[in-house]
Amino acid sequence: MSTLSILVEASSCSWGKLACQHGDRTIGIILRAIVSNSGKYKIKINRGFQVSFCNAHLGQSSSNQLLVFAYGRNVEKKMIYSSARSEDRNASRIVVDRLRQLLIDDSNNSDAIIGAPLGPALAHAFCHMKKDSRVTTADPCDDSLGPASSNSEQSDASAEKPTCRAVVISITQIMGSEHGSLMNLFFSAAKQLICVDVVSLGDDFTGGILQQAADITGGSFMHAQKPQALLKILMTNMLTDPTYRSAFSKLSHNSVDYRASCVCHQTLVSSGWVCSVCLSVLCQYTPICKVCKAAFTIRNIPKKPNRKRKS
Amino acid sequence: MDDDEQKGYTWEAGYAEGLNINEVLVEDEGGSIEKSIAKYVADSKRKARLEKRPEKIRLGIMRHIMIVIDCSRFMTNKAMPPSRFVVVMKALQSFLERFFEQNPIAQIGLITCKDRKAERLTMMTGNIRVLKEALNSMSEAFCGGDFSLQNALQLACANLKGMPGHVSREVLIVMAALSSIDPGNIFSTIETMKRMNIRCSAIGLSAEMFICKEMAKATKGEYSVALDPDHLQLLFSKHTLPPSSAKSSECNAIHVGFPHHELIKTRSFCVCHPDSKPISSRGFICTQCGARHCSIPAECPVCKLTLVAAPQLARAFRHLQPLAAFQQIDVTRGSCYACETRLTSEGFRCEKCRLVFCLDCDTLLHESLHVCPGCK
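As they're listed, the protein sequences go chains A and B. Take 1 as the starting number for the first sequence in full-length UniProt numbering and just add one per residue. Take 1 as the starting number for the second sequence in full-length UniProt numbering and just add one per residue.
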């Protein structure tokens, strides 16, 4: 049994931007990649092509669960579909209907801020998946990044457990203000063995925070250059359970950027100075912290970057 | 006269402020107090969660802790089955995991104390693997002799003395012995610790001791006595939260490196596994000296640069802006907003978005996620 959560960005600005870049059919193509069209929204192209990601997941096993969330600035009800609910029978119809409704509501809204807060929706998804799986055993793997040293006996134990994973389909870049809370979520996800996969649809091919998220939780980060590539990416890279993924060669072996951006110039730095009070990153040494205004003691600054002396 | 009999003697009142044995530990029909201990542990957990966390105070986030493990003959006592030693080791292992999860750039050192002598087991390190290996190397047969609080404190003090002024210096003593055999005056040692701004906390395993209470009070630490293994875990988990630090304490800028997680194609050894090959083809290269690391956070042994990832640093922010406690309310109908379970008796309401959550979700949100699903 495995539970899959799909989180789709529901901000009309970013969907509209995507449609401008790739043509009118974009929205239909994306929706059809996630759920197969049925009923009134059937788009009459490529008729034989009725495979979709959600249906493929539900079709793999009768005990598989599916949750679909929409995250956006004005979304009241984030969970738009749950296969556990009895009234939600027709996954495709409901997801398409509700997603369209959300996008229409959002486009009628007057504020024109692009971007969407992912944190609350992700917390919602993790809460729900914890309920479904009932496995919250802490991972013996510690919090440090990189592979755990003792993987062998642990993977045997987790083979029979129900697995949880989340797929984030993002269009715009995540805002910097959400950084801290999102990282917390991703580290707790790693601890609960929830794997987070990310597909980025927009111009943002590095992914930033979301690429780090995939690396922390053991998922994969992919960038779809065209909306047409979304279905291929979802089906080939994200359909299988994380436990079987080690059998296949991993596609993205790019280096993951773990650099921090400094508070003074907002540029990425590979080594910098961290204030001991507020933990903000400074790219150059300054005697007074720019954020919390704490005055640093200068006594032992010159020629000694290693003040952590071993006694 | 009747009043006096009800209230008991005046001197008994001195014991009532802490844990009132008669009220908290009620015997059941069989004369066992296990149930009441379990209830007490659950109650304190709930209390800790519902308690409002302070905001906007200066916290000692960079913590350097020396953990003193009592290895006297009292540790082999079977009061906590299978033995105190085994229980403490288990609790310490889980404490280390939780600690480094919440304090990514902290360091811990271990001290053992047996035969009245204190010995350093590991140096100050931020590497959880080293600490766990050191703990695993200890065995119950190692324990013996008496405990000496003064020697342990002096060794911890000597280790913490060299630490820079901006870190929060702490000592945590796990103590099973009911006596301490010291070479000199223990009160002067406590005075020294106080002067050096070292926070001394202790966890007792047998009974409350006056000297520990004095020490904790003088140095602004915490002292508590574990009732059973579960309660011990709870007491340890209290120490994972960073303490508030004095405004007068120094602050400083620390030089850190943010290495990439990358595929390393050249053949190389890593600094963390000197005897074998690196455990993965991917790794981290120190930004200053180019040494290879398998995992971070770590302090580069070659150039002593602290290596962390930006996300790990970002996680520490949640101590500075914690998720506000939810209000406990009575509900009869409706379902949990997050997981759609039907609520039966109690619910927890976020004061900001007025949405109600179940107990399980509330625990998960406050202990691990720290983001309210309803708020914007």
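What the hints contain is simulated information worked out from the structure, not anything from laboratory work. Any given hint could be a false lead.
Keeping only pairs whose Cα atoms sit at most 20 Å apart, straight-line, the calculated PhoX-like set for lysine-lysine is [unchecked claim]:
hint, chain 1, residue 1, chain 2, residue 2
1, B, Lys161, B, Lys194
2, A, Lys191, B, Lys39
3, B, Lys78, B, Lys90
4, B, Lys90, B, Lys220
5, A, Lys77, B, Lys78
6, B, Lys238, B, Lys220
7, B, Lys114, B, Lys78
8, A, Lys226, A, Lys17
9, A, Lys191, B, Lys265
With beta-carbon atoms standing in for the labels, derived distance ranges [to be verified]:
hint, chain 1, residue 1, chain 2, residue 2, range
10, A, Gln266, B, Thr344, 31 to 41 Å
11, A, Tyr285, B, Thr332, 52 to 62 Å
12, B, Ser268, A, Met235, 54 to 64 Å
Positions of the beta carbon are idealized from the N, C-alpha and C atoms, including for glycine.
Hint check results:
1. The straight-line distance between the Cα atoms of Lys161(B) and Lys194(B) is roughly 13 Å, inside the 20 Å bound, and the hint therefore holds.
2. Between Lys191(A) and Lys39(B) the alpha-carbon distance is near 27 Å, which puts this suggested pair outside the 20 Å criterion.
3. Note on Lys78(B) and Lys90(B): the hinted pairing holds, with a Cα-Cα distance of about 15 Å set against a maximum of 20 Å.
4. Note on Lys90(B) and Lys220(B): the hinted pairing is violated, with a Cα-Cα distance of about 27 Å set against a maximum of 20 Å.
5. For a cut-off of 20 Å, the pair hint linking Lys77(A) to Lys78(B) is broken: about 55 Å separates their Cα positions.
6. Pair hint Lys238(B) plus Lys220(B) holds up; C-alpha atoms about 15 Å apart against a cutoff of 20 Å.
7. The suggested pairing of Lys114(B) with Lys78(B) holds, with an alpha-carbon distance near 18 Å, which does not exceed 20 Å.
8. Only pairs whose Cα atoms come within 20 Å are accepted, and Lys226(A) paired with Lys17(A) is accepted, the gap being roughly 13 Å.
9. For a cut-off of 20 Å, the pair hint linking Lys191(A) to Lys265(B) is broken: about 29 Å separates their Cα positions.
10. With their beta carbons about 49 Å apart, Gln266(A) and Thr344(B) fall outside the hinted range of 31 to 41 Å.
11. Evaluation of the 52 to 62 Å hint for Tyr285(A) and Thr332(B) yields a pass: the beta carbon distance comes to about 60 Å.
12. Checked against the given bound of 54 to 64 Å, the beta carbons of Ser268(B) and Met235(A), roughly 37 Å apart, lie outside it.
Checked against the numbered hints listed earlier, the structure breaks hints 2, 4, 5, 9, 10 and 12; every other hint is satisfied.
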